[in-house]
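Enquirer: Now for the letters of each chain:
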Amino acid sequence: MTTATETHQQKADLPPPAATVGIVGWLRENLFGSVPSTILTLLAAYILYLVVPPLVSWSIINATWTGADSNACKLADGARKDGACWIYIQAWIGGYMYGLYPYDLRWRIDIAAVLAVVMFAPLAIKRLPYKDLYGIAVILLYPVVAYFMFKGFIDFAPGAPGSTDHPWRVVQTDKWGGLALTLLIASVGIIASLPLGVLLALGRRSTMPIVSTFSVLFIELWRGVPLITVLFMSSVMLPLFLPEGVNFDKLLRALIGVTLFSAAYMAEVIRGGLQAIPKGQYEAAMALGLNYPRMMALIVLPQALRYVIPNIVNTFIGLFKDTTLVAIIGMFDLLGAIQLGNADPKWLGFSIEGYAFAAVLYFVFCYGMSRYSQHLERKLHTGHKKR
Amino acid sequence: MAVDVRDTARAPETPFWLDARYRAIMFQVILLVLVVGFAGYIFYNTYQNLQRRGIASGFDFLGSTAGFDIIMHLVPYAASESFGRALLVGLLNTLAVAAIGIVLATILGFVVGVARLSRNWLISRIASIYIEVIRNIPLLLQIIFWYQVLGKSTPGPRQSIDIGGLFFINNRGLYMPAPVTEPGFWLTPVAFAAGVVATIVMHRWARARQMATGQQFPVLWTALGLIFGLPILVLLVTGMPFHWDYPKLQGFNFSGGMVLIPEFISLTFALVIYTGAFIGENVRAGIMAVNHGQTEASYALGLRPGPTLRLVVIPQAMRVIIPPLTSQYLNLTKNSSLATAIGYPDLVAVFAGTVLNQTGQAVECIAITMGVYLFLSLTTSVFMNWFNRRVALKER
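As given, the protein sequences belong to chains A and B, one line each in that order. Position in the first sequence (from 1) plus 28 gives the number in the numbering used here. Here the numbering used here is used: position 7 in the second sequence is 0, and no number is missing along the way.
Hints may contain errors.
[Unchecked claim] Covered stretches of chain B (chain A as the covering partner; in silico rule of three or more C-beta atoms under 8 Å from a C-beta of chain A):
hint, stretch
1, 101 to 107
2, 115 to 121
3, 133 to 143
4, 150 to 160
To be clear, the hints were calculated from the coordinates, so they are not data collected in a lab. Heads up, the beta-carbon is just placed ideally off N, CA and C, and yes, glycines get one too.
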């Protein structure tokens, strides 16, 4: 019998179907949503099964991690073991970092690297007084410091006392190498190409016909040819362009080629920034009575350059990867040093390990920088984007 | 009488060196003089240096005997041919890698780009790992790596991997049967060309008819029939005027048939893998740029997912994809010059390498090489700009 006071009681909700929640639900949603999706999942899983286990067993499980020399990576009959031979990398890591640089002077490069960190670290501080001035000073000062750390001060005559053991003796540029050389070429290329790129970008947007024609010709010429031809040109043609007696060393020639090449790309990046600045900024500057140099230096370029910083970082990543090409013209950058190691008679037959190590190293650098540039993009692109 | 204020306000005392127009002209004249002077200085130095070193100049060397062999040539070539012929061989080798690479990289790139947007978690994850890993490793390293892997993982000629007695894989390359034409074969390419022309005409007619009457015409099947069916029919009618030349093991190597050398395979493979990753990113960006409302509107009009993708999403995505796609094609063509590192005889390896070393005429060799790349780059971008204008949004 029911009473009048009895009210309707809502029953508790039923739980959602087991197949739509939890792991099962996630799997159904993301891996087995439909028949084609299921087929693709199974196919992908099969490919992973084919690729990943052999890779793991080669690089980790069956790999040789400790040992004195290449015999540790070989079976009794002299054939090499199945796994990777990482002791080769351990033996050559110094060579990869410094190339042919004299063994007893490698500390100079270490100091240059530490100085780079110490001098550039303050720029990461958000509110540093005179940050812009400090940044310019560091960018101008550091290359000089680094140059002397790499090169040394005292040029001994061959055979003179100290010519082989003095801590500050000169090391010619053909002995520079390894990761240090890669970083050097990429940094010099990007820093030197920046002012040139700004000039070319301004020239290309100029209303003066001759200026813009020259700029367009220069930019399109360098962008239209592969870097390797530019490097060949700088190594075989540049000496012909100079008057008799004047000679550049090989590294400087390569640096000139790399700089001209990346300046053309830099110009296009900066042009993108100039175009992104609203016309109102130009007009306001002109209304204030600023002339062209002042308008550009004080109003337009600071905004445009800030806008394209992420793209400049991307250009740097591209240049960093492209520096491998100097290995073709006979310099020992990171890739050149790896090839040097692969030709070491004590370690013949382990070239795959060398290249794999180089690939990991390049990946860490480039991926790190590209994440950084994405971070910058989110941080900086607040101004002119869809307000 | 009223005085025109503007006349008096116009300051006649403005000196000419403050006049913007005059300054512009002056500046340009100075720039022109500097550039021409610099060019002249370089030209003079080069001339002096060449004279002193006794290096000949001019392009006469193109006619003299090359005297070296090239391991891959698409046109008949022997060491007794001229340097000019070697240039052609190198250029064709570059174009072969570029053309095959562009086609395969485009396919791979579209697959990867779509896969990265897939709702299937595993597929999109694999695609993004592939893109991130490949894009962040230098191409030269990848080319050398694949070349080494290919060299180490393939057996010698006598232990070749035999696929059906027709294809042989060993460390000298991939050997396969080659068709050898006989008299009367020329009709087949003619039929193929006729099929292509007829397809274009048919496509225009079918579109005009659909616009006028709304009736659709089975364009795809007719096109396939015209382009492939017609040549096959002609081939049958003329009595199969060709035979296959099979590769055979003779002594230590294969003879007969066609061979794809390992340098070609690893270079093309590395270029496709590398450029495909970049194209994948462009494709993803292009598809994401199409507003989701477009898809919904298309569904609301009753279009099924296939036609929605084909008629609504892709045409709009293409507008975003094509400009970066163009630069990827150009990059691939230019990057094929890294062939030098593994000894594939492309334009740079043959001309800026071997020919330059033999003749010593650095200026001419580098200038020709750069000129060819510049020409390729400019023609590609002109063509792609034309194509881009065709698909660009026609704003009314």
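Enquirer: With reference to the structure, classify each hint as holding or not holding.
Expert: Comparing the hints with the structure gives:
1. For the stretch 101 to 107 of chain B, the stated coverage by chain A is violated: 0 residues have a C-beta nearer than 8 Å to a C-beta of that chain, whereas at least 3 were required.
2. A stretch counts as covered by a chain when three or more of its residues have a beta carbon under 8 Å from one of that chain; for the stretch 115 to 121 of chain B and chain A the count is 3, and the coverage holds.
3. With 7 residues bearing a CB less than 8 Å from a CB of chain A, the stretch 133 to 143 of chain B meets the requirement of three and the coverage assertion stands.
4. With 0 residues bearing a CB less than 8 Å from a CB of chain A, the stretch 150 to 160 of chain B misses the requirement of three and the coverage assertion fails.
Comparing the model with each numbered hint stated earlier shows that hints 1 and 4 do not hold.
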